[in-house]
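> Fit chain B to the given chain A structure using the hints.
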Amino acid sequence: MSLDKRNALQLAALAATLLALSLASLFVGVADISPVDALLFRLTPIQKQILAITRVPRLLSAVMAGAALSIAGLIMQQLTRNKFVSPTTAGTMDAARLGVLVALIAFPGATLLQKTAIAFAFALAGTFAFVRIVERIKFKNATFIPLVGLMFGNIVSAVTTSVAYRYDLLQSLVTWLHGDFSMILRGRYEMLYVGVPFILVAYVYADRFTIAGMGDSFATNLGLNYRHVVNVGLVIVAAVSAAVVLTVGSLPFLGLVVPNIVTLYRGDNVKYNILHVALLGAVFVLACDTLGRIIIYPYEVPVGLTMGILGSGLFLLTLLRRNARGAQAA
Amino acid sequence: MSGLVSRALVKEAVVGPRAGVRARLAAVALAALIFLALYLVLNIRGDWQFAVTRRLLVVGAVVLAAAATGGATVIFQTLTHNHILTPSVIGLDSLYVLMQTLVVFALGAASPAWTDATVHFLLSTALLVLFAGLLYQRLFRSERHNVYVVLLIGLIAGTFFQSVASFLQMILDPNEFLIAQSRLFATFNNVRAPALALAAGALALAALYAAPYFKYLDVLGLGREHAINLGVDYNRVVRRLWLAVILLTAVTTALVGPITFLGLLAVSLARQLLRDYRHATLLLGTFLVGTALLGGGLLLVERLLVFAVPVSVIVNLAGGVYFLYLVLKESQA
Chain A
1 MSLDKRNALQ LAALAATLLA LSLASLFVGV ADISPVDALL FRLTPIQKQI
51 LAITRVPRLL SAVMAGAALS IAGLIMQQLT RNKFVSPTTA GTMDAARLGV
101 LVALIAFPGA TLLQKTAIAF AFALAGTFAF VRIVERIKFK NATFIPLVGL
151 MFGNIVSAVT TSVAYRYDLL QSLVTWLHGD FSMILRGRYE MLYVGVPFIL
201 VAYVYADRFT IAGMGDSFAT NLGLNYRHVV NVGLVIVAAV SAAVVLTVGS
251 LPFLGLVVPN IVTLYRGDNV KYNILHVALL GAVFVLACDT LGRIIIYPYE
301 VPVGLTMGIL GSGLFLLTLL RRNARGAQAA
Chain B
1 MSGLVSRALV KEAVVGPRAG VRARLAAVAL AALIFLALYL VLNIRGDWQF
51 AVTRRLLVVG AVVLAAAATG GATVIFQTLT HNHILTPSVI GLDSLYVLMQ
101 TLVVFALGAA SPAWTDATVH FLLSTALLVL FAGLLYQRLF RSERHNVYVV
151 LLIGLIAGTF FQSVASFLQM ILDPNEFLIA QSRLFATFNN VRAPALALAA
201 GALALAALYA APYFKYLDVL GLGREHAINL GVDYNRVVRR LWLAVILLTA
251 VTTALVGPIT FLGLLAVSLA RQLLRDYRHA TLLLGTFLVG TALLGGGLLL
301 VERLLVFAVP VSVIVNLAGG VYFLYLVLKE SQA
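If you read the protein sequences in the order shown, they are chains A and B. Position 77 of the first sequence, counting from 1, maps to 77 under our numbering, and the rest follow consecutively. Position 330 of the second sequence, counting from 1, maps to 330 under our numbering, and the rest follow consecutively.
Heads up, a few of these hints could be off.
Stated by the list, open to error - Take a look, some chain B residues computed to stay more than 12 angstroms from chain A by CB distance: (1) L42; (2) D47; (3) R55; (4) V63; (5) G108; (6) A126; (7) L198; (8) G201; (9) L205.
Said to hold, decoys possible - Simulated restraints, written as ranges between beta carbons of each label pair: (10) B:N189 with A:A13: 53 to 59 angstroms; (11) A:R188 with B:G20: 56 to 62 angstroms; (12) B:G133 with A:G313: 19 to 25 angstroms.
The set of hints was computed from the structure by calculation and includes no laboratory data. Quick reminder that beta carbons are idealized off the backbone N, C-alpha and C, glycines included.
Next comes chain A alone, as it looks inside the complex (with noise of 0.2 angstroms):
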């Protein structure tokens, strides 16, 4: 099979599956609504309701959180030519966790939103610190990125935790963090939009991306101005990682492992990537959710949760299948 075949037949199949599962999130719910109705428009205005206020946003919030956070993920790796990297390993993870705090301490009136908005002006403040230290310093190799965010991530870290800590918020800090969906309503979701954004811009440059993965002097010599392409990613992918952290909580897996299981079967090139890792991880965050909203009915698990495990599960056995093969090839 060509590869261009190839590669249409995988994009359709997990498209397919991608549209299957969101008519699923639909129509899963204890207030119960038939597709059918649906189709034939004969649903009740509480239904419609229902649809709008929660249904709807809830599905939206899964697929761009999953799409988006990996693609984050995938940046940051071609970026710091790590495979141990996440997207919050820049600190913003960090910068938005003390943002969280300072919205619970000082503004402990504000609305939901309003404390989204403070913690995302905090995670980019953050992101913008690191990205001028990481400007006036010297490389030394692509691993300095990384390392130097890893420290800055863990100062901001201390802090809150000592704050956190004398105040006895380290569990309020768990609770918000913990990836969750069941709390997306309309109008406690919308922060998730700012990431549209910065994701069309990724695509954009997804081939400076992987230029900029072989190197400073390699992509220099390219003609790459290859600072702007370094900065560009951070800030991509530290806004899309705020966003999705602070509405919908820390999802595992996504930005680590999604982006590194689609690498090991098709190589560094992001552009030929980039829709492969979206759909995998939006189907991924989607089955999980949906997974979570049935199995025990009519409560719910936390997406955190069932995204470790059976996250966890998937990615092993693919890991170990594909290790099997590749032992019996060599």
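Same frame as chain A, now just chain B:
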């Protein structure tokens, strides 16, 4: 870049590399000694003998933890050719955190698995070594082991432990969470003599086992092909070093809690400070920097801040700021 290199070369020709490195090593060692000595004698009210005996245990745990995590991290980074990884990437820290949460959640904070330091240490060690052993077996089952895949497996397992732990912490009774919280950070004050002695024995064995292979580390840093070409029995050496790393990390984590970030901090600081990439220097430097960081952190937390924050938080804060300072200073020169 070239300016930096030539300046370094000139400096090396004039002063000699070893003299500078030795002086800096001595300075760090002195700092570590002063911190630990101050920690031992400051603010003793009441019985000297009791207080000093008690504090010697803490100092012992600090030295042990700094040596074990520092050594494990240096070797691990050389084996994986990755300067931002620590052995915690294979999920040992997360497994420890999950275990603590699970014990409080299922057995309650009054069970011996939580209150008895020796039982707690043995239980944690058994669990961590079991997990690490499975991973190790996986790594070396076939001759052509793929480190990348094994790290990925460890990473996935770690994420799994973490998400379960975070879920349990979310639904934990707030009072019990406060109890569990005390062990979610590295702590040296829970260390008791029997556990310390057991850990010291286990760590010494692991270090002795790996010690004959330390001399190959510089060559291993060149990469697999170069190492084999230079006559190193690659698979055998790497296998032993891996086992040592895993044992060192598992035992230290069981003794004092999730401390592995300290390793990364100490190695990175030692690299920045010493500018010497020979492993003999790096291992010693990492150990000394780690001891100084922990000693200074303990001194600050217990004598000045009166336990307002966990010691690892102070260590991470001070160490991280110092690291960024070194990196930025170097760029301005």
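> For every hint, state whether the structure bears it out.
Hint by hint, here is what the structure shows:
For L42 (chain B), the requirement that its beta carbon stay farther than 12 angstroms from each beta carbon of chain A is met, with the minimum near 22 angstroms. Non-interface call for D47 (chain B) relative to chain A: holds, since the shortest CB-CB distance, roughly 31 angstroms, exceeds 12 angstroms. In this structure R55 (chain B) is separated from chain A by more than 12 angstroms, as the shortest Cβ-Cβ distance comes to about 23 angstroms. Non-interface status of V63 (chain B) relative to chain A is upheld: no Cβ of that chain comes within 12 angstroms, the nearest being about 23 angstroms off.
The Cβ of G108 (chain B) sits about 17 angstroms from the closest Cβ of chain A, beyond the 12 angstroms cut-off, so the non-interface label holds. The beta carbon of A126 (chain B) is kept farther than 12 angstroms from every beta carbon of chain A, the shortest such distance being approximately 22 angstroms. A cut-off of 12 angstroms between C-beta atoms confirms that L198 (chain B) is not in contact with chain A; the least separation is 30 angstroms. At roughly 32 angstroms, the least C-beta separation between G201 (chain B) and chain A is larger than 12 angstroms, which holds for a residue marked as non-interface.
The claim that L205 (chain B) lies off the interface holds: its Cβ sits roughly 30 angstroms from the closest Cβ of chain A, which is beyond the 12 angstroms cut-off. Distance hint for N189 (chain B) and A13 (chain A): a CB-CB separation of about 56 angstroms, consistent with the stated range 53 to 59 angstroms. In this structure, R188 (chain A) and G20 (chain B) meet the distance hint of 56 to 62 angstroms, their C-beta atoms being roughly 58 angstroms apart. For G133 (chain B) paired with G313 (chain A), a C-beta distance near 21 angstroms keeps the hint of 19 to 25 angstroms intact.
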